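If you read the protein sequences in the order shown, they are chains A and B.
Residue numbering for the first sequence follows my numbering, starting at 886 and increasing by one per position.
Residue numbering for the second sequence follows my numbering, starting at 700 and increasing by one per position.
Source of the hints: derived by calculation from the structure; they are not laboratory data.
In this text the structure is predicted, and so the values were computed from the model without any measurement.
Yeah, the Cβ is synthetic: ideal placement off N, Cα and C, and Gly gets one too.
Certain hints may be false.
[To be verified] Quick list of the computed label-pair ranges, beta carbon to beta carbon:
| # | chain 1 | residue 1 | chain 2 | residue 2 | range |
| --- | --- | --- | --- | --- | --- |
| 1 | B | G750 | A | P925 | 37 to 43 angstroms |
| 2 | A | V959 | B | T725 | 41 to 47 angstroms |
| 3 | B | R743 | A | G926 | 48 to 54 angstroms |
| 4 | A | A902 | B | G750 | 56 to 62 angstroms |
| 5 | B | R945 | A | G926 | 54 to 60 angstroms |
| 6 | A | L906 | B | D951 | 58 to 64 angstroms |
| 7 | A | P925 | B | R898 | 27 to 33 angstroms |
| 8 | A | E931 | B | L816 | 44 to 50 angstroms |
| 9 | A | G961 | B | R743 | 51 to 57 angstroms |
| 10 | B | L816 | A | F962 | 17 to 23 angstroms |
| 11 | A | M940 | B | R898 | 34 to 40 angstroms |
[Unchecked claim] In the SDA-like style, the derived pairs of lysine to any residue whose C-alpha atoms are separated by at most 25 angstroms in a straight line are:
| # | chain 1 | residue 1 | chain 2 | residue 2 |
| --- | --- | --- | --- | --- |
| 12 | B | K862 | A | H964 |
| 13 | B | K796 | B | S814 |
| 14 | B | K822 | B | R898 |
| 15 | B | K895 | A | I952 |
What follows is each chain in one-letter form.
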Amino acid sequence: MTTQEWQIVWFTAWVSALSTLVILPPGLAVAWLLARRDWPGKSIVETLVALPLVMPPVATGLILLKILGRRGVVGGFFHDRLHMDIIFTWRAVLVALGVMSFPLLVRSTQWAFEQVNPRFEQIARTLGASDGRVFFTITLPLALRGIIGGVLLAFARALGEFGATIMVAGYIPGKTATLSLSIYQSVQLGEDTTAYRLLGVSVALAFGAVWGSGWFMRRQRS
Amino acid sequence: MHITRLLKIAPVLALVCAGVTVHAATITVFAAASLTDALGEIARNYQGETGNKIEFNFAGSSVLERQIEEGAPADIFFSADEARMDALEEKGLVVGKTRRSRLSNSLVIVVAKDSLLSIQSPKDLAADGIGHIALADPQTVPAGIYAREYLGKIHLWEKIAPKVVPMANVRAALAAVESGDAEAGIVYKTDAAISKKTRVAYEVPRQDGPRIRYPMAVMKEAREQKAALAFLEYLDSDAAGRLFARFGFIVDNLAP
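All chains, please: the whole structure from these sequences, using the hints.
Set out below in structure tokens:
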């Protein structure tokens, strides 16, 4: 592995980790609301949240491109007011990874919350605990393993994202080049050995993340 | 009376029938993205005249080269530089004697139509107001390689390289300027000509720019060798040449 290849691996790993961290609070909130509360429009929200899971990633990327571009609603605001560009920078990678792995995080943590026996929460409430206290002292600790499993799954999804990323961030060596973009580029360039080395790293990372996720989720169930 | 009349038109009838039963070929052309509009129109004309169907795969020439190497079913390859064609020829994938080129192009610097940037010379690309410069990938795609070659020649590449956003092909580079996400881009003059959302800020004089050539050839593994060669000859004709010229391409030895 060359230093440039390590740089690609390192960049992919930290931007995936950061995106997972950023979507964690809203992800947990949505998951908990879906698992524990009934409200009008719930099924609509549940469907919307799942969309990036089944939509063509490139289509999701196009939506993001239009919103985050300099002429877009969000991108325009960032450019004019904060003098900050999103498209073609690492920020675009961050957003693409976050959006694409959000559904997986919500789905798996929702499942983790549903595994927690609501009786424990009711008992705590009858003993006078507030909703917040019930959540942080009962629900969250009991669902923790499932949540960690979900976080790892979302992280793994982020590691491999391609379609949305190429739309919003492009392939810029040293700036937006993630593992999957670099593999594609190496194949285009005919640099097959680089592609194979990066492929090896992807397999190892994905295996580790999915295996770890399964390990935690199995422990959630028992 | 009736029979003699029938005999008179018999050869005509036979010809018409033969014409109907003649096998209409489908020719697959792998062509550089910059040729998209011109080739589309030429193919429409050709289809109308001959009944043969032309199918296209437009992309950066480097992508196409790789696809053909991997066995993609191309009858004709129309590259935006000689190097991609050379690479295929070295691998024995080209019917060498069919290779020819009479098309050329030139480079321009484009900015968004509503851009306030003023670019008097390529040196202005180094200004602070320009954060992203969209090019076709300067490592692989001809339009990008030409642009890098040009910027290198005028000693600007080192300065500009950190701002370069490499795109998959020249049309993608143009689109990045149209959307405003890249402040400037370097594309072919012909791409700029079809874009309604960009304007040419600087035209690279032909003598300063790199030698841009578009070679085309029939592929050895073409399924429709004969039909492909016929279409290739049509592309090489003055009729097609005039159409290419109308799109802004430079055509060698074009009879007026």
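Structure-based check of all given hints:
1. At roughly 60 angstroms, the beta-carbon separation of G750 (chain B) and P925 (chain A) lies outside the given 37 to 43 angstroms, and the hint is violated.
2. The hint said 41 to 47 angstroms for the Cβ distance between V959 (chain A) and T725 (chain B), and at roughly 45 angstroms that hint holds.
3. Distance hint check: the CB atoms of R743 (chain B) and G926 (chain A) are about 49 angstroms apart, consistent with the given range 48 to 54 angstroms.
4. With their beta carbons about 58 angstroms apart, A902 (chain A) and G750 (chain B) fall inside the hinted range of 56 to 62 angstroms.
5. Look at R945 (chain B) against G926 (chain A): about 55 angstroms separates their beta carbons, and that is inside 54 to 60 angstroms.
6. At roughly 59 angstroms, the beta-carbon separation of L906 (chain A) and D951 (chain B) lies within the given 58 to 64 angstroms, and the hint holds.
7. Distance hint check for P925 (chain A) and R898 (chain B): the Cβ-Cβ separation is about 51 angstroms, which falls outside the suggested range of 27 to 33 angstroms.
8. About 47 angstroms separates the C-beta atoms of E931 (chain A) and L816 (chain B), a value consistent with the hinted range of 44 to 50 angstroms.
9. Separation of G961 (chain A) from R743 (chain B) is about 39 angstroms and departs from the stated range, judged on CB atoms against 51 to 57 angstroms.
10. The given range of 17 to 23 angstroms is respected by L816 (chain B) and F962 (chain A), whose C-beta atoms sit roughly 22 angstroms from each other.
11. Restraint check, M940 (chain A) to R898 (chain B): a C-beta distance of roughly 35 angstroms satisfies the suggested window 34 to 40 angstroms.
12. For the hint linking K862 (chain B) to H964 (chain A), the alpha-carbon distance of about 17 angstroms falls within 25 angstroms, and the restraint holds.
13. Using a Cα cut-off of 25 angstroms, the hinted pair K796 (chain B) and S814 (chain B) is violated, with the two alpha carbons roughly 47 angstroms apart.
14. For the proposed pair K822 (chain B) and R898 (chain B), the alpha carbon gap of about 18 angstroms is at most 25 angstroms, so the pair holds.
15. The hinted pair formed by K895 (chain B) and I952 (chain A) meets the criterion: a straight-line CA distance of about 22 angstroms does not exceed 25 angstroms.
The structure fails hints 1, 7, 9 and 13 (numbered hints given earlier, in ascending order).
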